[in-house]
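So the chains spell out like this:
Protein chains: 2
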Amino acid sequence: MKKIFLALIGISIFSCQQSPTKNYEDSTKQELLFPKGNKVPNDKFDGNVYQAILSDDGTRVSNVTFEPKGRTNWHNHPGGQTLLVTDGVGYHQEEGKPLQIIKKGDVIKIGKNVKHWHGGSADQSMTHIAVSIDHEKNPSQWFEAVSEKEYQAVR
Amino acid sequence: MKKIFLALIGISIFSCQQSPTKNYEDSTKQELLFPKGNKVPNDKFDGNVYQAILSDDGTRVSNVTFEPKGRTNWHNHPGGQTLLVTDGVGYHQEEGKPLQIIKKGDVIKIGKNVKHWHGGSADQSMTHIAVSIDHEKNPSQWFEAVSEKEYQAVR
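Heads up: the sequence lines are chains A and B, in that order.
Quick note: the first sequence uses our numbering, first residue 1330, plus one each step.
Quick note: the second sequence uses our numbering, first residue 1330, plus one each step.
A hint or two may mislead.
A pair holds if it fits inside one copy or across any two, identical chains being indistinguishable in the list.
Stated by the list, open to error - Derived pair list, reagent style SDA-like, types lysine to any residue, alpha-carbon separation capped at 25 Å:
1. Lys1433 to Pro1364
2. Lys1426 to Leu1383
3. Lys1426 to Asp1386
4. Lys1426 to Asp1385
5. Lys1432 to Asp1386
6. Lys1478 to Ser1391
7. Lys1478 to Asp1386
8. Lys1398 to Ile1430
9. Lys1365 to Arg1484
10. Lys1398 to Asn1467
Note that these hints are calculated values from the structure, not bench results.
Model the full structure from these sequences, guided by the hints.
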């Protein structure tokens, strides 16, 4: 009788352990919603950053993943840009404004010619879709790297 | 003793029913990655379709959710359009081509002035981000509704 008890408890524990695994798989799938693309060179970016260009006909649509501490240099978009954060937590800063924490579900509108940078947070990755408006005629302009002091200015 | 058995089986079933509920919540959260917006009027759409405009500065970025059987009329975009499917399963068709099943993770590029329609599938919702390029200067042109025969032409 004791064995039957133990067997029932065992079945109960085993059955309930299946679901967390399923949840983890779902979460991983979500990070890979769109292609990750290739690591971008470090002339305009710092750290590990991956980009896949999804379409590029006048306006450029790309999927960008920043590993923790990975970030763009300061830059601007003469046509403006919209960021749609699809996963993780990162940072965004416009020149002269405080650093802002951005996360999954956030939509960030960057005005024409506004100098700014974006990247992963100190300990988490961040993935966003970037819509660079009118990118073909007015490509991004790139400036200096984000300093450690600027990067660590998160409150 | 029989009561203890029944209690153990009850606990086992109850515990395991918690996880599917959790999974369902996760799945719902994902559908709400970006705002759902408001139901659009049925002059250019059929059925239940929701749209939130996320940014609209030259190029329009919007989040569109089609309930099952919900769809656009036939239309085109003089500047072209890119669809990024973030959830569910739906249909897409360009004039003169077979109906195509599209699902979460798919990227669909629609050329300039190509007449087409998109919507949810017969039994599932579909959510996509729509990037309508140069929409301000060249807004979409709208045509006739998609007939039941056209909608049901899925293979």
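Checklist entry - Of the hints given before, which are not true for this structure? => result 6, 7, 9 and 10
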